[in-house]
Amino acid sequence: GCRVRGVWVWGRGLCALQLCPPPPTVCAGTLNGLSVTGDAQHQYRTLHKMYNNCEIVMGNLEIVLIDHSQDLSFLQTIREVTGYILIAMNVFSTLPLRNLRVIRGTQFYEEKYALFVLLNYNPNTTHALRQLGLNHLTEILAGGVYIEKNEQLCHVDTVEWRDIMRDPRLEPVVGDNGRACAPCHESCGGHCWGPGPEDCQQLTKTICAPQCNGRCFGRAPNECCHEECAGGCTGPLQTHCFACRHFNDSGACVPLCPQPLIYNKLTFQLEPNPDTKYQYGSVCVRSCPHNFVVDQSSCVRACPSNKMEVEKNGMKMCEPCAGLCPKGVGITGAAPLPQTVDSRDPWRNISALDPEKLNVFRHSEEITGYLNIQSWPKHMHNFSVFSNLETIGDGPHIPTPSLPLTPPAPNSRGFSLLIMKNDNVTSLGLRSLREVSAGRVYITENRRLCYLHTVQWAALSRRRSDLDIRNNKPRGKCQQEGKVCDPLCSADGCWGPGPAQCLSCRHYSRRGVCVESCSFTQGETREFAEGTECFECHPECERVEGGITCNGSGADTCTRCAHYRDGPHCVERCPEGILGERGPIYKYPDSSQECRPCHENCTRGCTGPLLRDCLGDLNPVSPLPRRAPTVIAVLVVGGLFLFCSCVLLSLLYWRGKKIQKKRAMRRYLERGEPLDPSEKANKVLARIFKETELKRLKVLGSGVFGTVHKGIWIPDGDSIKIPVSIKVIQDWSGQQSFHSVTDHMLAIGSLDHAYIVRLLGICPGPQLQLVTQLLPLGSLLDYVRKNRGSISPQLLLNWCVQVAKGMYYLEEHRMVHRNLAARNVLLKSPSQAQVADFGIADLLYPDDKKYFYNEVKTPIKWMALESIHFGKYTHQSDVWSYGVTLWEMMTFGAEPYAGIRLPEVPDLLEKGERLPQPHICTIDVYMVMVKCWMIDENIRPTFKELANEFTRMARDPPRYLVIKVGEKLGSPTGPPLGRGEEEEDYEYMNKQPRLSRSLGNMVGGLGPRHEGCPPRHDGYTDMRPGEPTPAPAEEQGYEEMEAVLAPRGPPCPGCRSPPGPPPTCMKPLRSLEASDCAFDNPDYWHSRLFAKVDAQRT
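Here full-length UniProt numbering is used: position 175 in the sequence shown is 175, and no number is missing along the way.
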């Protein structure tokens, strides 16, 4: 490949008869939106410079604020745009993109549009866009179309956009454009880009036969385009395509470019492919452009973090790092917000940057993107923080100037270095800059900037046309003020004052500073020269007065040695005991300071060459001890090898045990054993545990139905300890049998879902024990109370979806929960909630829809009215409890109906009172709760509908839940209560055909004090017949009622109240008759929000 006119040109591939089309010319696009640089004339010049003779725009084509007098005919060569096309606020009459075939839509404008045309007219003149002129546009691979508010634009509603857009789900947004438009020519069939016969739209999709999988060039079944074609074709082959769906390989559309390695079927090995090509955009090229590197089979702007850039055979390639990769600095990714270097911007909420932090760039040698400086600290007069910068522009270039250090864009207006409007800067100070490898240089309106006129910019940039340097301080004024290069600088120029700012030196350079001469024969430190660079001699070289001290950097290049000479090298002392090939080496210095070897039998050094000159040994030594160092070295190496082997084996043993433990836990936790051999056909995951297999450790909590312990499970015959949760059931009825419990667990054990807590098994005995997975995060209620300030709307809505899906799963398996509340929803992880305690409910058999419970403690504040009055529990009564659970979540663990005594709750519900709207909820979320609390159970939503509704809301959480960052979220009903207090809000319902017992003497810890009532006590009083003493502590907060409801006055016509004294302090629950009338109350009938055709009044 080669560079021609600022664009990349690919080489031709081989094809028959040398008739293949010329290679496409590629240019970079932009990502500026509606912002522009400079005036309209500058905007036009930039557009012309970027897209003249361009065929493929690698990025977005943005044409904004172009005047009617400008000639845009140079855009006619564009055939393909990989990103989006933006045409906005222009006043030319026709868009000259007649040869455009395909818009790929790899990027969208406004996140969904590949073609965006807006406001192309001037209300004060007659100049406006009148015709799009996209006569050859046949396909938009991704994204939609938006064409609106173009007052005089015609023939956009006559285009069949469904034929152009690949995605059939998208609808074009076309409206409010020109009205008095000429009709299409009669030959166009009603689809055209203009009024003439040459403006007819070419249909390539909607006219195709059903056998065609994509585009076609005719209506017949054999006139289908190749599947790799995009935008249509002229024939059935992959070389007949207008454009390629994936890659263009020398005129043929292919799914992949020729890979670097091919498989040799004879040698059964991968071998280098001599015809390798690399993916560059949608084209296959033999070599990547200059500012790209090769990563496997693709041209990329920069290597990934685990690879480094190397050069092989003249080509830059990415290869895995042998050790640590070279450190790179991500400028824009280092902080969560962009920052200006001199002042804060309160409008954009941008804080000021400490100028001292700019020193982090002093060690930077390369910027792969661009350098954009439009504001600089007032006390800094140059850019010396970039003094070690050598290369700019090997990656993305600068977009329209905005904030300093703005994020790099994948395509741009082509600037790699932009410095403008810095009035306090007097010199650039980029002393190490040697190349601006891609993109343009733009330096303007720096009123005090000198020295830049001396720089030979042509040597730094690849084209002189890339330079735009103007409106800085005039050269003459700089010379008058003495702001010229140092005399030691060469004619290449300088970056600032002094010998350290020269691009190159006139004579010599010492550590980047120009000098007149190196210290060859004078000075404390003597030097030698390599080219024009001065380097110090080795420290062991002796300084020669009036002569050359050394001619290189090594110890073997000295003219004379400062101490001793050992062969060609100058050394500080002669070798003593240095290990050689045949043992330790000892030498002594002679009279001329040369190091000479000792006698071969000397083992402790010597003073001369003879045996008698040996130190410490007067007698000859046998050669045997000379082997001792070798033996020692072998022993040391052997010991190290043995130690490393032991460590490695220990690690392998430890890892094997860990894997074995993990596999064993997976085997026990994920595979169930049938409870009964006759039930092998059922998918039962529950086990029957022995009491010896379970060990309870500590109590996690206690509730109505029992106590929960943290425990471990040690399977028989295994040593693995599996953490589990053990719930001990308090069976007060005394009616449970082993077979009834087993049948019940069969139903529960067959349930396995991501959003329910799976039952591992049961342990029958004096106390029934249920064993489930241990979820250490605890209940959802405790979690939202502890983390109320850090829970996001997304997390809350995700929990709503998960609980609804878990309950829908139970509904599918005909299981009624009957005790759904936030305390019975556990967290497997902060992002996954699971419904628990559903095993206490009975199973609905296939021929039943509803059934009643007796003698069960029930949570009044979470129950539906039909459950309170009639003891009727269905999946729709679980929906009521789900609504209260939602309310608990949205109030971050507040107590429902706080301050209301339990017998008053049904009265409030019958009067239409409901829990208040949580202050983080919008009306949409609150209305879902209200629908769950409808009187008529048939009108409440199902769990499937609730899951779908919250799934929709979870796609846009801030629209439905409003949580301010840092705000201390409060509860609308006061501070939340502890877990123990909340679980006390139950009534014991004993539905027997006996008279009701008045609740007037029962004192609640949660109800407000009424006048004339006795003082409150901390617990309730158990008023059982024959038991006047208070009930035990575990039963505080409950009362055994022989009939569900207490007598009261007739609430509606036809209802009678039995005689008896009225209650004194607390209102009793409504009687069955009163509830019957309440359900017929027309005040509730009109408030139905879910319209269901099969809804029946109850």
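Don't take each hint at face value.
Stated by the list, open to error - Straight-line distance between alpha carbons at most 25 angstroms, and here's what the computed DMTMM-like set of lysine to aspartate or glutamate pairs gives:
| id | residue 1 | residue 2 |
| --- | --- | --- |
| 1 | K307 | E227 |
| 2 | K657 | D718 |
| 3 | K149 | D67 |
It is worth saying that the hints were derived from the structure and are not from the lab.
Verification of the hints:
As the CA atoms of K307 and E227 are separated by approximately 36 angstroms, the hinted pair breaks the 25 angstroms bound. Taking the CA atoms of K657 and D718, the gap is about 13 angstroms. The hint holds against a cut of 25 angstroms. Taken as a hint, the K149 and D67 pair is honoured in the structure, with Cα atoms around 18 angstroms apart against an allowance of 25 angstroms.
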